[in-house]
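> Here the protein sequences line up with chains A and B, keeping their order.
So for the first sequence, UniProt numbering puts the first residue at 1; every next one is plus one.
So for the second sequence, UniProt numbering puts the first residue at 1; every next one is plus one.
The hints are simulated quantities; they were obtained by calculation from the structure and are not laboratory data.
Since the model is a prediction, treat every value here as computed from it, not as a measurement.
Treat the hints loosely; a few may be bogus.
[Said to hold, decoys possible] Below 30 angstroms or equal to it, Euclidean Cα-Cα: the simulated DSS-like pairs (lysine-lysine) are:
no., chain 1, residue 1, chain 2, residue 2
1, B, 38, A, 168
2, A, 167, B, 20
3, A, 177, B, 182
Number of protein chains: 2
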Amino acid sequence: MKITDRKSEIIVTAAKLFKKRGYNAVSMRDIAQELGIKAASLYNHIKSKQEILSDIVLNVAESFTNHMEQIYPQSINSIQKLEAIIQNHIDITVQKTDFLACMNNDWMHLDEENLATYLKLRNAYEASFRKILQEGIAKNELENQNSEIVIFSILTTLRALYLWYSKKSSVEVEVLKKDLPKTLLHGIVKN
Amino acid sequence: MKITDRKSEIIVTAAKLFKKRGYNAVSMRDIAQELGIKAASLYNHIKSKQEILSDIVLNVAESFTNHMEQIYPQSINSIQKLEAIIQNHIDITVQKTDFLACMNNDWMHLDEENLATYLKLRNAYEASFRKILQEGIAKNELENQNSEIVIFSILTTLRALYLWYSKKSSVEVEVLKKDLPKTLLHGIVKN
Chain A
1 MKITDRKSEI IVTAAKLFKK RGYNAVSMRD IAQELGIKAA SLYNHIKSKQ EILSDIVLNV
61 AESFTNHMEQ IYPQSINSIQ KLEAIIQNHI DITVQKTDFL ACMNNDWMHL DEENLATYLK
121 LRNAYEASFR KILQEGIAKN ELENQNSEIV IFSILTTLRA LYLWYSKKSS VEVEVLKKDL
181 PKTLLHGIVK N
Chain B
1 MKITDRKSEI IVTAAKLFKK RGYNAVSMRD IAQELGIKAA SLYNHIKSKQ EILSDIVLNV
61 AESFTNHMEQ IYPQSINSIQ KLEAIIQNHI DITVQKTDFL ACMNNDWMHL DEENLATYLK
121 LRNAYEASFR KILQEGIAKN ELENQNSEIV IFSILTTLRA LYLWYSKKSS VEVEVLKKDL
181 PKTLLHGIVK N
């Protein structure tokens, strides 16, 4: 139990440093220094910097996957599913900002095996997103717009949210949770 | 006339290299080599790598500014203005992909004076965009959603378009020009 706590403390500290300087520019020594411990004692809890990176990236990626797997099969309409997905992106952005930044900036530094796992999760996520759009179009709930354009537009905004949110703390989370889904799903033009 | 042609050839070639490898990783020697000329003769046409960068970045930034200055005062409604702005982003993305990539990736490497010019143009552009949104809300043409969220969402998508467009050549420009403005302005939900 003690070890698990220490490990999660190491990971949280590393995520902050990776976010600030990028994975490549941070050493195990830097992480130890930030924690006020010796570099050698880091290795009691963690095998390598790569292990920290994969823990961070796969933790966030699995948060997205788990939510998608929970929402996708529900008997609610496509609009409600997309709404839930957008709310989940906002929640993860607010709650795991450093982890998310690290995933977005440093996933390409994962080793071969973890990279394959990450890409599999990301592709599966996009495939479910695409299916929800296509089902929504088939059921006449959504406009028949090019799915690739819609996926690009919505996911680009959601993936960049952590960058904007870090700078624009003047916008309250409640406003974001109310207005971002409206903007993405219903647009900005009055009917 | 000959010098101008040569200069524009140098700039186009440099933009391609900057896009591929980033401004910092490209030398004047690399640009000369790509053009099949001696590095020394580059300097007959151009003072420095910084001059090339500022020519590229300010060229694109001014394309956006000129279009905004032409559209903003017109007596058309806010939706038509936003539609025209989105179409212009698509046109510049398609016509000046390398220049746009260079602006997005390397503007921070401009020297102090050019950086100030660029940031002034970018801030003025965003301010006009914000005013169009606010006028549209005041005239009841647009939904009263938080303007900062809307600006973030639309400009993030438009600014990332060149990345996506380079990879997704399967989507025709005509489809993009039809469906992207719809997605951004009217959303994807059927009324």
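> Taking the hints in turn, state whether each one holds.
Structure-based check of each hint:
Only pairs whose Cα atoms come within 30 angstroms are accepted, and residue 38(B) paired with residue 168(A) is rejected, the gap being roughly 48 angstroms. For a cut-off of 30 angstroms, the pair hint linking residue 167(A) to residue 20(B) stands: about 29 angstroms separates their Cα positions. Distance check on the hinted pair: residue 177(A) and residue 182(B) sit about 22 angstroms apart at the alpha-carbon level, within 30 angstroms; holds.
Consistency with the previously given hints fails for number 1 only.
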